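**Student:** Here the structure of chain A is known, so what remains is to put chain B in place on it, guided by the hints.
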Amino acid sequence: MINTEVEQEELMTLLVAVARSDRQAFQRLYERIAARMFGLCFKLAGQQELAEEALQDAFVQIWHHAGEYHSDRGSPLSWMLTIARYRTLDLMRARTVRRTAGDERLEHLEDPRSGPLDHSLRRAGAEQLTGCLDELSDVQRDSILLSYYRGLTHDELAQALSSPIGTVKSWIRRGLMALKRCLER
Amino acid sequence: MKKTPERIESLAAEYVLGSLKGKARNRFERWMMESGRVRQEVWYWEEKLGQLGDRVLEREPPESVWLAIQHRLWPQQEKRPAPRQAANRIWPAWGMLATAAALVLAVMLVQQPSPEPTLSGAIVQSDVSDPLWLVSESGRDNRLRLRSVAATSAETGKDYELWIVPDKGDPLSLGVIPVGDIFQVELTDEARETLSQSRTLAISLEPRGGSPTGKPTGPILHVTKLYEL
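Residue numbers (the working numbering), protein chains in the order written: chain A, 1 to 185; chain B, 1 to 229.
Isolated chain A, as found in the complex (with noise of 0.2 Å):
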């Protein structure tokens, strides 16, 4: 886990020195964060060989932008992240390759018991943004998450969910609002 504060002094320092082209500060930098990074590419794409494209990409883009980062953007890893994840997605939708690996992740979708989202996740959610996910109705939170880690679209959704695809689309715009009114109280 990366999340303490001496840990992304140290990915800020990692980043500066790859803003300067320091290939060994870049390879340090990979060997910190390409697991977890790789991790959420994989997540998101459910299979290998795209989720292993993306994080290449990433990488290549974090050498050549590394000097683009400010605190502005969030965490150094956050950033980092977000530019994978944001990869991973092109990818997913260049090439419409829905999810072949992910047989498991669609019957647990269809499984109406334990829900679209497992458990880990949903508690994973809850826990980030300061308990605002709880605020928000399930649906709401769950078409959410479900965009955010599993990147389905609102044709997805909306048959993951078995609803027409105006409520889905109107159940993430509502829920991303409702949480952003909570996180600023």
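Keep in mind that the hints were calculated from the coordinates and are not lab data. Keep in mind it's a predicted model, so treat the numbers as computed, not measured. Hints are not guaranteed to be accurate.
As the list claims (entries may be wrong) - The list that follows gives simulated cross-link-like pairs (lysine to aspartate or glutamate, EDC-like), each with its CA atoms no further than 16 Å apart:
1) A:180 <-> B:193
2) B:168 <-> B:141
3) A:180 <-> A:134
4) A:169 <-> A:138
5) B:168 <-> A:31
6) A:169 <-> A:156
7) B:21 <-> A:156
8) B:168 <-> B:60
9) A:180 <-> A:135
10) B:23 <-> A:90
11) B:215 <-> B:170
12) B:215 <-> B:193
13) B:21 <-> A:155
14) B:2 <-> B:34
15) B:168 <-> B:186
16) A:169 <-> A:184
17) A:180 <-> B:9
18) B:21 <-> A:90
19) A:180 <-> B:47
20) B:3 <-> B:47
21) B:168 <-> B:193
Unchecked claim - Pair by pair, the computed Cβ-Cβ distance ranges are:
22) A:8 <-> B:141: 50 to 56 Å
23) A:170 <-> B:73: 42 to 48 Å
24) A:167 <-> B:2: 22 to 28 Å
Each residue gets a CB set at the ideal place from its N, CA and C atoms; glycine is no exception.
**Tutor:** Just chain B, lined up with the frame of chain A:
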């Protein structure tokens, strides 16, 4: 579409979440370029929603990803032979060093008419239009087949050696490969299992007859990833 604060707020959130797609996404990216206010809003959500990424389980990426990153960033690196002591080094260290020497990392999907081959790929080099070798692996008879297409002979006194690169641990030799011919090797169950996990092959330059140590001693010339058909 007007950039009202409400719209910026809501579109930024959906942009970060990923649910904003297609033309709407492109249009919003333009807004980001035009307006600091829009970017601020995006950064806000990146930071907030980014917290959700903190709890995802880590997953170790295969060694080949790091090789590929280095190759993409620094393709001009000169080939240089590994130092003598390289023979006894463990694979990851060797991998890091040898990447600098990797000429190419590229993958293409080779269509096979028969349904039998389960893994397939090609070893290519950016300045050569044809692949150097085509690789196919047949699940039925446990054979890996390498057909030389545009490969040229190794320098005098040297041979190419083919390796399976596992996700972890030392590479597994599949022997010295000839140029201008078809090379077939029968895979042991262990080799087959390793290859089906990592799907990564490498070719190194070795003294004539192959590595004297059982581990790669020369520079890695190629690393390639096979694809499942």
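**Student:** Would you check the hint for residue 168 of chain B and residue 31 of chain A, treating anything up to 16 Å between C-alpha atoms as holding?
**Tutor:** holds, 15 Å
**Student:** Need the status of pair residue 21 of chain B, residue 156 of chain A: alpha-carbon distance at most 16 Å?
**Tutor:** Holds, at roughly 13 Å.
**Student:** Is the Cα-Cα distance between residue 169 of chain A and residue 138 of chain A 16 Å or less?
**Tutor:** Measuring from Cα to Cα gives roughly 14 Å; hence the hint holds.
**Student:** Quick check on a hinted range of 50 to 56 Å for residue 8 of chain A and residue 141 of chain B, using CB atoms only.
**Tutor:** holds, 53 Å
**Student:** Quickly compare the C-alpha distance for residue 3 of chain B and residue 47 of chain B to 16 Å and report which way the hint goes.
**Tutor:** Since the Cα atoms of residue 3 of chain B and residue 47 of chain B sit roughly 22 Å apart, the hinted pair is violated (cutoff 16 Å).
**Student:** Quickly compare the C-alpha distance for residue 23 of chain B and residue 90 of chain A to 16 Å and report which way the hint goes.
**Tutor:** Since the Cα atoms of residue 23 of chain B and residue 90 of chain A sit roughly 13 Å apart, the hinted pair holds (cutoff 16 Å).
**Student:** Hinted pair, alpha-carbon criterion (16 Å max): residue 168 of chain B, residue 193 of chain B. Please report holds or violated.
**Tutor:** holds, 13 Å
**Student:** Holds or violated: residue 180 of chain A and residue 9 of chain B, Cα atoms, limit 16 Å.
**Tutor:** holds, 9 Å
**Student:** Are residue 168 of chain B and residue 141 of chain B close enough, with their CA atoms no more than 16 Å apart?
**Tutor:** violated, 26 Å
**Student:** Checking one constraint from the list: CA of residue 215 of chain B to CA of residue 193 of chain B, max 16 Å. Satisfied?
**Tutor:** Given that 16 Å is the threshold and the Cα spacing comes to 19 Å, the pair is violated.
**Student:** Measure nothing beyond the straight line between the CA atoms of residue 180 of chain A and residue 193 of chain B; if it is 16 Å or shorter, mark the hint as holding.
**Tutor:** violated, 49 Å
**Student:** Would the pair residue 215 of chain B and residue 170 of chain B pass a check requiring their Cα atoms to be no farther apart than 16 Å?
**Tutor:** holds, 7 Å
Hints 1, 2, 12, 15, 16 and 20 from the earlier list are contradicted by this structure; the remaining hints agree with it.
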